[in-house]
Amino acid sequence: MSPRARGLLPILVVLAVGVLLIFTLQERYHQRVLTLVLLWATMGLAWNIISGYAGQTSFGHQAFFGIGAYGTVLLVLHLGLTPWIGMLVSAAVAVVAAALIGFPTFRLSGIYFALATLAYPLIFRIGMDFLGYQEVAIPMVRDRPGLYMQFTDPRANGLLCLGAFAAALLLSHAIEISRLGYRLRALRENEQAAEAMGVDTFRCKMAAYMLSAAPAAIAGAIYAHVILYVVTPDSTFGVLVIVQTLVVCLVGGIGSLWGPLIGAGLMVPTGEFLDASLGDRLPGIQGVVYGAALVLIMLVAPEGLYWRLRGLLQRGRVEAPSGAPAAVDMPARAAHLAGAAGQALLEVRGVARSFIGVQALDDVSFTVREGDILGIIGPNGAGKTTLFNVLNGFLPPDRGEVRYAGERISGLRPSAVCRLGVGRTFQVVRTFPQLTVLENVMVGAFTRTAAEREARDRAAAALQRFGLWPRAHARPGSLTTLELRLMELARCLATEPRLVLLDEPLAGLGAGSVEAMLGHIRRLPQAGVTVAIIEHTMYALVRLADRLLVLDHGRCLAEGPPADVTREAAVIEAYLGKRWLHRAQGLRA
Amino acid sequence: MSAADLVQYVATGLLVGGVYALMSIGLALIFGVMRVVNFAQGDFMMLGMYLTYYLAVGYHVDPLLGALLALPPFFVAGWLVHRALLARVTGSGDAQRQLDATLILTLGLSLIITNATAMILSPMPRAIRTGYATQAFVLGPILINQARAYAFLMAVLLAGLVYLFLTRTDLGKALRAAADEPEAAGYQGIDVRTMHGVAFGVGVALVAAAGGLLAMYHPIEPTVAVNFIVLMFVAVVLGGLGSIPGAFAGGLLIGLVQAVTLLVLPLQLQNTGVFIAFLLVLYLRPQGLFGRRLRTV
Amino acid sequence: MLKVSGLSVVHGGLHALEGVSLEVRSGEFVTIVGPNGAGKTTLLKAVSGAVPAADGRIEYQGRDIGRLSAAARARLGIGHVPEGRKVFPSLTVLENLEMGSYRTEAKRRRAEGLESVFALFPILRDRTGQLAGALSGGQQQMLALGRGLMAQPDLLLLDEPSQGLAPRLVETIFEAIAEMRRQRRLTILLVEQRVVEAVELCDRAYVIETGRIVLEGDKATLLEDPRVQRAYLGS
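Protein chains in written order, with the numbering used here: chain Z, 29 to 617; chain S, 526 to 822; chain B, 413 to 647.
For the record, the hints were derived by calculation from the structure and aren't laboratory data.
Remember, predicted model here, so these are calculated numbers, not experimental data.
Among the hints, erroneous ones may be present.
Partial list, computed: chain S residues near chain B (C-beta under 8 Å) [stated by the list, open to error]:
#, residue
1, D695
2, K698
3, A702
4, D705
5, E706
6, E708
7, Y712
8, G714
9, I715
10, D716
Now the in silico label distances, taken between C-beta atoms and shown as ranges [said to hold, decoys possible]:
#, chain 1, residue 1, chain 2, residue 2, range
11, B, D637, Z, E596, 19 to 27 Å
12, S, M649, Z, F383, 56 to 64 Å
13, B, F530, S, L790, 56 to 64 Å
Cβ coordinates follow ideal geometry from the N, Cα and C atoms, glycine included.
Model the full assembly from the supplied sequences, consistent with the hints where possible.
Dropping the structure here:
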């Protein structure tokens, strides 16, 4: 069965159970609770897209919920438009609002993002109050009430909510197995690494935000018609909406398809029950319970029940992948290389970059020729990683330019640089910890293909090449240092670069592992990949590199074949100090 | 509208801003030292209001004194909340996860406090009646409400004491050191976890005292928190996250913005100006007025 | 005074230190040199408690300190001048020094401590009211050293004091360290990349490479040994 079908089966089962419940529950009260569970699960799924998959915790999703609620009601009131269409219109408005809000806000990070998302629903609330819409009652329709979403039969309401929930489920599932889904999870785990692997994080965040707005608006529209009947700014744009959403998702399991349903199924009936039985004597008991739920879940199981249970059930068991990966046509780069070898691939001219008071790079110029392995060395603080950050796109140079295959790349985003063919690994391995080894590499493969099947095959082939296939379904946390470094290399190579920037790939490796790693790196030019490598373990680099570039205090000290460079006086002085040099020269004299 | 009217608005805005400033200092201190945004700050303020109310009504303690008396018990409460709850989720190293986790934790705490208070005490608003709440000083053409004036003075006094604490005592300097460089602070023998507890305790105590001062002229009810927590956030961001003098200035500024907004917009939209200022600062100059660069992660 | 046995540290998923053993006797000046990435900073951080040890034992004055927090170890008399100085930027020079003497034993001798730091680094005396963040790199290094001294430490850990400093300043700093040693008979563990300056100051030295001690000996032996050059330049 294809993964797509395998994913749909539980969805169909759950929906079938839903239909069954709708038609078997007798009491109105129970029907109502079921309706609420489905509605909040829908809202939870919507929030989950941006805050779960993408990891951008939004405290303002009630803005879209409110747009859905108020939008539909006002359209009925003023234009007589049926909410079946009004719902879609409101959803469209919500998506546009998401684009407008997201555009400036995603440039902010961390706390600023959270605070900014808080502000918008407050503004909408005030706006509605001010426009005179403190209380808008939905006009009752006598004949053909179904056309206006006013059902007398609670089972119809139940089916409506189930329909919305189903749509949200299918949307979430589609995202999960799509390229966007993998990219979102990658950027959630490690935004910088995702960028370096060709993921345009800004566009992905915007896409997720806009996608998450639509189901939220639809949930709001239905909520207004089926539960509220009278919309007020507080009940639609208010804090309780986001609290309900948070509780449902966090208790259930953030970033999962089933978390919102589990959370809603647990918390909504609890809340309703408490409100019904104790609400008169203890007003606000629901709030206390929800608050306590949030606190407890954060202390005990912040990932949520779904993940906690899954972790317990799967404890330690990692299946080895079955069979060998399918053969994949790796692009025949080597042939192309024969003609191109020796041509300038990367040209760095006069690059300078300073931070507050420190000139990290000063007039750095060099060329990397196709088919070469260029080693970059220099004492600590020489500016080597800064140089890579400039080459890669993480930092713009203050002066100078970088050209790759003749095109200027300085100033481009890292994801654009990656797509052009420049790959990067990091000094400290940056994995996507919650993704499996295979999925990590797939993120790289997605740079060259949009199809999940193909990305999976290419990633599998890359793993096979580095001997990592048996570990395909393991998490990075359980890998050895060498395996981690190889995985990062595989992931980088899956983006099919012509040039890779390797930042200290040997750090932390023992002697035997160093040899293995060196072997892999040495083979790269034969496969059509040019290498620029930063390293400290000199004895290794000396044997590996065709040319060495020495940096010190941000300047190029020397460039040339390793044997020459390491004997150069300036280099020895930079590494070991002037006095060592004098002693050495004195001894020889 | 005459110049005198304008001055009146500005004066009122500043007086109110003084109390906002005291509230915001607490939030800024907590954020500066711990990198925690305390959603429950408004609720501790509300509890401070209630404490002051009961002291006034039950023991005839003037709210100015009541606000001061609120300091010790709320310091202890803040310390305990940190020890029992926050200390378990901070110190993980991943700043983003920690930020989300503490935001949600304090949001949950806020819900508990607000709703429990509504449950135990009735939601009916109360007020403290003091002799001077209805009287005003006359300064030329402007009237200055006495309650607001005394609240302002006490707020400034407390803020001044905080300033002295942070700059003249070893403990205060240790707090600032822990905010700057927790690793290096550890090397000097400063226990960063304890510093977090102190910061949280002081932050909560300050906002409770501010609540006591606010209670001199503002109705006391369980839901009062939500109006002010946003103002506090805006003030802190305006001043620059992590800067105490910035938060003080931010609070004053918010009071002014609110007052000036009333010149052109109706009372309902009083906070619109505040929110617009908030968004502008976030987008254009997130480091705020006193731009303290946050420790890069 | 300090005894490290079989220390292993895992940092960021990588094995930063493996089976490191060394010793610093009371009154000694011990240097650890090695290329960058060898694990020198990680070693000091493990000793002062900023980084947990995966395996091994750290004994200070005969006592196992492995479970103690960094602040607790500092209170026992271990001073640490961290890599990159890490002065408190929003505190003044004077406040930084005061924080150096936070622990009780040092606090009592604060005034005396300040005097001797100013005598060693006169430039700091002129700038007591300046914010530490506004100082130059060399001045910050002096401040960091002074802050370390204010703790009246029994064992002082110095992490790459020359890092990021222009050569002339490096000379000054090393001279100051030598002077510190002369004046106070401190026990010092110095970690450095610059071999000669560091080894010339010391009584004994270790060479560390990719997380392991590869060479050990007294000053004279190490300066002659070609393996030191090889560890750095591979040739």
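Status of each hint after checking the structure:
no. : hint                            : in the structure
1   : D695                            : 7 Å, holds
2   : K698                            : 5 Å, holds
3   : A702                            : 5 Å, holds
4   : D705                            : 4 Å, holds
5   : E706                            : 5 Å, holds
6   : E708                            : 6 Å, holds
7   : Y712                            : 4 Å, holds
8   : G714                            : 4 Å, holds
9   : I715                            : 6 Å, holds
10  : D716                            : 4 Å, holds
11  : D637(B) <-> E596(Z): 19 to 27 Å : 22 Å, holds
12  : M649(S) <-> F383(Z): 56 to 64 Å : 58 Å, holds
13  : F530(B) <-> L790(S): 56 to 64 Å : 58 Å, holds
Consistency note: the structure conflicts with none of the earlier hints.
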